[in-house]
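**Q** Listed here are the chains, written in short residue letters.
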Amino acid sequence: MEILVASSIGVLTAGGVYLLLRLRTFPVILGLALLSYAVNVFLFASGGLAIDQSPILSKYGDATYTDPLPQALVLTAIVISFGMTAVLVMIGLGAYLEADSDRIDIAAQDIEDTDDTDQTEPEGRA
Amino acid sequence: MDDGGPLLFLIALAPFIGALLPGLMIRAGRTVCAISTAVPTVIALTMLMVLAPAVLRGEVIQAEVDWLPQLGLSASFFLDGLGLLFASMILGVGLLITLYARFYLSGEDPMGQFYTYLLLFQGAMLGIVISDNILLLLVFWELTSLSSFLLIGYWKHLPEGRQGARMALAVTGAGGLAMIGGMLILGNIAGSYNLTDILQAGDAIRSSEWYLPALILILLGAFTKSAQFPFHFWLPHAMAAPTPVSAYLHSATMVKAGVFLMARMWPVLSGTDAWFYIVATTGLVTMVLGALIALFKDDLKALLAFSTVSHLGLLTMLLGFGTQAAAVAAVFHIINHLTFKAALFMTAGIVDHETHTRDIKRLGGLRHLMPITFLIGTVAALSMAGIPLFNGFLSKEMMLEEASHTDWFSSPYAVPVMATIGALLSVAYSFRFVSHVFLGPVRDDYPHKPHDPPFGMWAAPALLVVLVIVIGVAPFLAEGIVTAAASAVTGADLHPHLKIWHGVTPALWMSVIAVVGGAVLLALHGPLDKIWAAAPRPEAKAIFDRLMAAIVALSRGITEIGHNGAISRYLAIFTAASVGLGWVAYASSGLSAPTRGLLPVEPVIAVGWIMLVVATVSVVVMHHHRFRALVLLGIIGLSISAGFAYLSAPDLALTQISVETVTIMLLLLALHFMPKLTPRESPTGLKFRDAVIALGAGGGVGALAYAFMMRDIETISDYHVANSYEGGGGTNVVNVILVDFRGYDTFGEIIVLGIAGLVIYALMHALLDGPAARRLKNTDFSQDRSRDRHPLMMVVVTRVLMPIALVVGLYIFLRGHNEPGGGFVAGLVVAIALLMQYMASGFAWTQERKRIEYHTMIGLGVVIAGLTGVGSWLSGSPFLTSAYTYVHLPPIEEFELATAMLFDLGVFLTVLGAVMLMLYSLSRIARFAGATVNEGPMDYDPGLKDEQEAER
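Line by line, the protein sequences are chains A and B. Residue numbers for the first sequence follow the working numbering, so the first one is 1 and each next one is one higher. Residue numbers for the second sequence follow the working numbering, so the first one is 1 and each next one is one higher.
Calculated directly from the structure, the hints in this document are not laboratory data. Fair warning: this is a prediction, and the values are worked out from it, not measured in the lab. We put the beta carbon where it would ideally sit given N, CA and C, even for glycine. There may be inaccurate statements among the hints.
Unchecked claim - Here are the simulated distance ranges between beta carbons:
1) B:D545 - A:A99: 37 to 45 Å
2) B:I751 - A:A99: 47 to 55 Å
3) A:E98 - B:M794: 30 to 38 Å
4) B:Q847 - A:E98: 21 to 29 Å
5) A:A99 - B:L677: 12 to 20 Å
6) B:V800 - A:Q53: 34 to 42 Å
Just need the whole structure built from these sequences, with the hints factored in.
**A** The structure is reproduced here in structure tokens:
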């Protein structure tokens with residue numbers, strides 16, 4: 001079981017990092033989503049795996065429980081990573097709509113272009 | 001002894017406080033402005049004079065306040081003979097310069113600024129000479145560099161001024177950096193950053209193996225500041241400053257800071273071969289070279305600048321000799337150089353001011369037109385040349401005397417001969433200053449008809465010239481301060497006697513040779529000047545500029561490698577570095593033996609694992625088709641939820657599955673406005689690089705997770721399990737941790753979530769106001785596949801589902817404390833229920849029926865959660881302590897009421913509000929972009945159609 005979980009984390013991380021290194025916003029967001037899964041599962045797994053030992057206290061005193069603390073941390077992490085993804089999506093969308101391009105890098109040419117416009121703008125107005 | 005302490009603080013502070021005045025007082029007029037500048041200087045000078053008698057008796061006045069004791073930095077000052085000498089020079093000349101500048105600056109120059117800079121500089125310089133802590137001294141040292149930058153570049157419209165200011169800052173700033181290193185080493189050897197302690201630790205420092213690095217670093221600071229060869233080139237370029245600045249900073253005070261530092265550190269650093277050969281040689285070379293260049297400069301101020309370089313070299317050389325007599329000569333020459341050089345600068349300023357030129361070739365014969373200036377200039381220049389009865393003669397004699405018995409690499413002639421040549425050149429350029437400017441026939445082609453300036457302008461140099469003569473004729477008058485200062489430099493009890501006549505000594509003959517030779521050289525100046533002009537020589541400014549350009553190009557190159565605007569490159573570097581660091585950590589310490597066994601794998605779990613892996617790989621492979629990638633992402637999320645459920649984490653499974661739903665909806669909404677395909681643009685090499693990094697990261701994290709899972713770790717969770725029911729009143733430990741044990745974290749997290757929601761809302765509004773709005777309006781995003789966008793079936797089903805979903809949400813919320821569920825999950829479930837309405841019946845229809853704004857909901861949630869926490873203060877417990885009780889109402893069974901539930905309500909509301917606000921914002925954009933608005937429940941109204949058909 002542990003091998004399966006560890007390999008899942010590894011695959012998710014690898015996929016996430018690969019997509020993170022792409023050049024457009026959408027794959028990067030997908031990559032971050034995959035990375036979030038990986039990180040959440042990683043955190044969860046750090047408490048050790050257990051089957052049928054939910055941390056719901058039983059009325060019968062002899063039950064054993066899995067570690068509840070990582071679960072509590074991961075629960076909030078899941079919700080927060082959703083919030084983060086949402087903000088990123090919105091920023092990515094906004095950038096795309098404003099610039100008509102969803103590339104995440106600034107080409108050297110673009111930087112020069114911006115400089116040029118700054119210089120020529122006053123003349124343009126006149 | 002400590003009586004003067006508070007006064008010392010006031011002296012240090014007066015210029016800085018005073019610097020505020022001129023900027024304000026300029027409104028009251030130029031004279032008032034100048035007077036307000038003089039006031040703090042006069043106050044500081046008066047206080048200094050109060051302390052002076054004690055210092056002259058040999059006492060040391062100290063004052064100390066701890067500042068950052070952890071760093072060894074304290075605001076401690078001390079005043080000994082050397083400090084007194086420099087402090088009175090700084091304040092005294094400062095006062096004269098204030099007067100002179102009042103008349104020198106024209107009406108167009110912003111005088112308030114000038115005086116403010118001047119006082120800032122004065123304070124910084126004063127700080128250097130009375131600091132008792134070398135860290136504090138460094139602070140003041142850098143302040144002088146900065147304030148002198150402002151002063152040199154005072155005429156901002158002149159490119160020379162700006163370039164000169166930059167050059168001075170670059171050179172002295174670089175030297176300052178080196179000096180910081182040297183001072184830190186020194187402080188480490190001595191075990192204290194207090195100057196008094198360091199001065200006691202001379203032997204330990206000189207025998208330390210760190211002595212040479214510290215010496216070189218400190219000397220770099222001193223040499224750059226005092227314009228020693230090969231760093232001398234910045235000083236002439238700094239002459240673009242207004243003349244009062246040149247007279248003050250670049251002859252009297254700032255350039256002497258390096259000399260001061262060498263004098264201050266003399267007891268600690270001098271006395272070794274390294275000191276002698278580095279310092280004395282540098283001084284000697286600078287003295288001769290500076291004098292030689294000065295002789296051929298046509299700009300009056302450039303002549304004086306190089307002459308200053310030469311005299312600074314002389315002082316450096318004297319300190320480098322390392323003998324007590326040389327130290328006395330150095331101290332004495334500091335005073336003398338100050339008097340004649342400041343007077344000469346002011347004279348040059350007057351000439352420039354009156355004739356509108358500083359070019360010696362265009363001047364001459366001014367003695368008839370400007371008799372007073374002529375007198376002042378001549379006396380000062382003769383003193384610079386070292387003519388008897390003027391003070392320059394006395395210290396120059398002492399210098400030659402010291403030089404005459406100094407061996408250099410076992411050669412008894414090198415130093416005396418070079419010193420004589422230096423003196424000879426000095427005589428030549430001094431005579432040239434007088435004869436080519438003031439003597440000769442009156443010309444009729446001055447750019448401006450000259451005459452003597454008003455009294456205010458020549459009063460300051462005249463006073464200095466009086467000092468030149470008084471000290472020259474009656475040197476014993478200066479004995480007190482020289483004794484005090486020289487004793488402070490050497491740390492020995494000295495009693496020098498300053499006399500005019502020492503008898504016929506080698507030094508006298510050297511002087512005679514110098515004067516006669518200098519006169520001859522001046523006579524030959526015309527032809528020599530032609531040779532000089534034709535001779536090739538390195539141009540320091542060009543070299544400096546090339547060096548700066550190379551440094552800038554280098555740093556730009558480095559920046560472009562690491563910071564070229566490509567985010568994927570930064571991420572690649574970052575990830576690769578993290579993986580590398582992880583590997584280093586693993587390789588350097590290894591792993592302990594595993595303590596846990598593997599859990600068995602059931603077949604259905606293996607199938608789930610295969611699904612997850614296949615889906616992940618497919619997302620990566622097919623990510624160019626964005627819709628497909630989203631569907632696959634959903635599969636991954638569902639697999640993970642199932643995994644959570646299987647691995648004893650029901651709460652996580654619930655949360656994951658509802659978040660998954662919301663996330664996919666959100667991404668779908670966003671994708672509506674974005675390209676549906678990602679272009680294939682990465683070259684194969686880049687893909688390969690990324691794949692390697694990704695596999696490294698994945699392998700590393702996977703291995704780390706495996707290592708983690710195979711080992712038992714100490715955990716604090718046992719406490720939580722044991723106290724969940726007793727202390728928190730709930731049996732769902734995860735929920736109790738969230739709302740009770742770690743309620744503070746949760747409180748923070750819901751605030752973050754709320755902020756994220758508001759950020760998205762704000763971004764949406766910003767977008768709809770910007771250029772994006774135009775693009776939205778003009779682009780057709782619709783991809784209708786069906787005429788019926790709100791199908792009847794869906795509308796009806798979601799209407800029916802709504803109350804059911806709400807009840808489920810309520811149920812999950814209520815049972816959360818004891819069973820899987822709680823505010824987070826309930827909020828998400830209710831959000832999904834509402835979203836279904838938006839999707840099925842349309843934005844406008846749903847929006848119309850919304851009774852409460854989502855922002856309000858976020859706010860309410862946070863406030864409720866916060867108030868619940870605050871409520872526990874009422875019972876005297878810390879923030880967020882929960883209380884619970886059991887209530888028995890007849891028709892229902894006994895149930896529990898806990899404040900934690902109220903807190904969970906806050907969580908619920910915030911989560912619901914934030915999620916809804918995020919999706920609502922995206923839908924707003926859709927509506928703005930022209931999505932059809934349906935006010936009715938369905939696009940397609942069967943009843944309406946019947947009517948239309950009936951009409952036909």
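**Q** Give a verdict on every hint.
**A** Outcome of the hint check:
With their beta carbons about 39 Å apart, D545 (chain B) and A99 (chain A) fall inside the hinted range of 37 to 45 Å. In this structure the supplied range 47 to 55 Å is violated for I751 (chain B) paired with A99 (chain A), their Cβ-Cβ distance being about 32 Å. Here the CB-CB span from E98 (chain A) to M794 (chain B) is close to 34 Å, well matched to the stated 30 to 38 Å. Our hint of 21 to 29 Å for Q847 (chain B) and E98 (chain A) holds, since their Cβ atoms are close to 26 Å apart.
In this structure the hint that A99 (chain A) and L677 (chain B) lie 12 to 20 Å apart at CB holds, the actual value being about 18 Å. For V800 (chain B) paired with Q53 (chain A), a C-beta distance near 38 Å keeps the hint of 34 to 42 Å intact.
The structure is inconsistent with hint 2 alone, although it conforms to all the rest.
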